[in-house]
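For reference, the chains in residue letters:
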Amino acid sequence: MTTEVLTPAASTAAVQKALSIDDVSVRLGGRTVLEHVSFSLTPGEFTGLIGSNGAGKTTLFRVILELQPTTSGSIHLGSGRRSKAAIGYVPQKFLLDPDMPLRGRDLIALGLDGQRLGVPLPSKTRRARVDEMVDAVDARDFADARVGRLSGGEQQRILIAHALISRPKLLLLDEPLANLDLRAAQDVVGLLSRIAAEQRIAVLISAHEMNPLLPVMDRIVYLAAGRAASGTVDEIVRSEVLSKLYGHHVDVLRVHGRVIVVAGTGHDEHAPEEQAPDEPADDGAPAVEIV
Amino acid sequence: MTSAIFEPGFFSSSSVQLAGAVGAIVAIVAGCVGVFTVIRGQSFAGEALGDIGAAGGSSAYLAGVAPLWGFMAVAVAAAGVMEMIGIQRTRGRDLATGIVLGAGFGLAALFLYLGTTYDNTTGATVTVLFGSVFALDTSVLPLVAVFGAVATGTILLLYRPLLLASVSPELASARRLPVRVIGGLYLLAMALAVALSAVTIGAILSTALLVGPAATALQLTRRPGRAIMTAGLIGVGAMWLGILLAYDSYYWPPLHHGWPVSFFVVTIVLLAYISSRAIPARGRQA
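Which chain is which? The protein sequence lines are A and B, in order. Sequential numbering of the first sequence, starting at 1, is according to the numbering used here. Sequential numbering of the second sequence, starting at 1, is according to the numbering used here.
It is worth saying that the hints were derived from the structure and are not from the lab. Any given hint might turn out to be false.
Here are the simulated distance ranges between beta carbons [as the list claims (entries may be wrong)]:
#1 A:Arg127 / B:Phe134: 42 to 50 Å
#2 A:Arg126 / B:Pro178: 19 to 27 Å
#3 A:Gly29 / B:Gly102: 30 to 38 Å
Footprint (simulated), chain B over chain A, 3 or more residues, beta carbon under 8 Å [claimed, not checked]:
#4 32–44
#5 99–108
By construction, the Cβ of each residue, glycine as well, lies at the ideal position given by its N, Cα and C atoms.
Using the sequences and the accompanying hints, generate a full structural model.
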């Protein structure tokens, strides 16, 4: 059921993939969470993993991180070998106690050597690497404050620096925009897009809302009810492709540069703005879905 | 002037010297372990380990061995049980702690009762529950040093993975760190720290030394390494000042019955914490 649409860039082949997911299925407690999912990520590209809650986004991340075994299929990292820092990861919910004795730069440094034993010794190279990452994510103004007292957007920047300091080729971000206001979300998206291009990192970012990512997304992996379609936004976000993915008719509307996906069942239609973005959609196909 | 503060014989008293040495070691261990106890939100688990340690301390008293062995054996066993019940899960944490706590108090009640009937005094009860750092035997010092070194060594060895796993288990497991093993080893170090704390200021008050200086340090510094050092310093300060005041209190009313050290230590720790909260946020390192 996977619709793999190759872009011209990807089909010129020989491009070393940062990640290849090949026909992966995951069953959890008798329920199929992911079904024959295939896609690949190219270094330097920004890919959006789009789907409503319950579509399988977090499970897919856990599969890539090898925290969740697959029922079938295979996963290959471009680097081949999995080291402790091969994948940069920014988890979905990150709530720290405001009194936690940890500065932003301490958390970034843990991204460099948090897996090592012993107490870190003062080191000029370590400090320089941390400073470099602080600059890369524009965190100079708040890197010395307690992480727990930073705003959501500031914490995201620190976490992105934490994930990137070990120089991974693949960066996964689980719903990083979920708790940010529009402005902070735009800033984070712009930052990620710049880093992906500059450092030749494959960025995979999950979201239930595709619109904030539209300006920067090179490719999209659209998840619905555990199945995936991937390609460029123009290739995937179309009525035929999404209807096939959902298994029933879906309309794709483009309004003022925004995309609205409407399941055309005819009943239970809300105005798009009335739909809570995080409203659970058990069947993976709500009557009206803003993505 | 000095003699008004340091009553005659304070520095030459061998029990003061021993209490000062044991107290300092225990305070440093508690500070090191305690910062992580507070960060990980396991203060209640620490309290439970101390309380159930009372069962060990009292049974050791009955058996005629040093209470430290009893505190140690039971706290470590209890840590194992708590780990099995599932202290890693947030909901499992309260459950595990509550079950262990209940069982510990039951056993402590039995052994303390037997101890009271056995030698017909309440000495064991007071010593086990509220501590008596002046009544320690010199043979306990090497034990305290060794167990203290094991607990502190564990924390320093695991420092970075433990910090990451305490800040965010998700970030740690994404880095392929064995979060559960780290948590289990931490729990063992905490059991040792609590047992050491229990011999000095008593089973029931042991968490005050574990959590109090650490919580105060968290207010005063925003760096994890400094928090550990600050907690250790506050702990040692509270311990030594407590010992001094307890020694001096021999001359306070009611005359010739010194006040318990544990009271002073716990009170100083509490005052330190309150003062650290009272410092305006601007003066504090935000």
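Structure-based check of all given hints:
1. A:Arg127 / B:Phe134: 42 to 50 Å: 47 Å, holds
2. A:Arg126 / B:Pro178: 19 to 27 Å: Since the Cβ atoms of A:Arg126 and B:Pro178 sit about 24 Å apart, the hinted range of 19 to 27 Å holds.
3. A:Gly29 / B:Gly102: 30 to 38 Å: 33 Å, holds
4. 32–44: violated (count 0)
5. 99–108: Satisfied; 7 residues make the cut.
In the structure shown, a violation is registered for the earlier hint numbered 4 alone.
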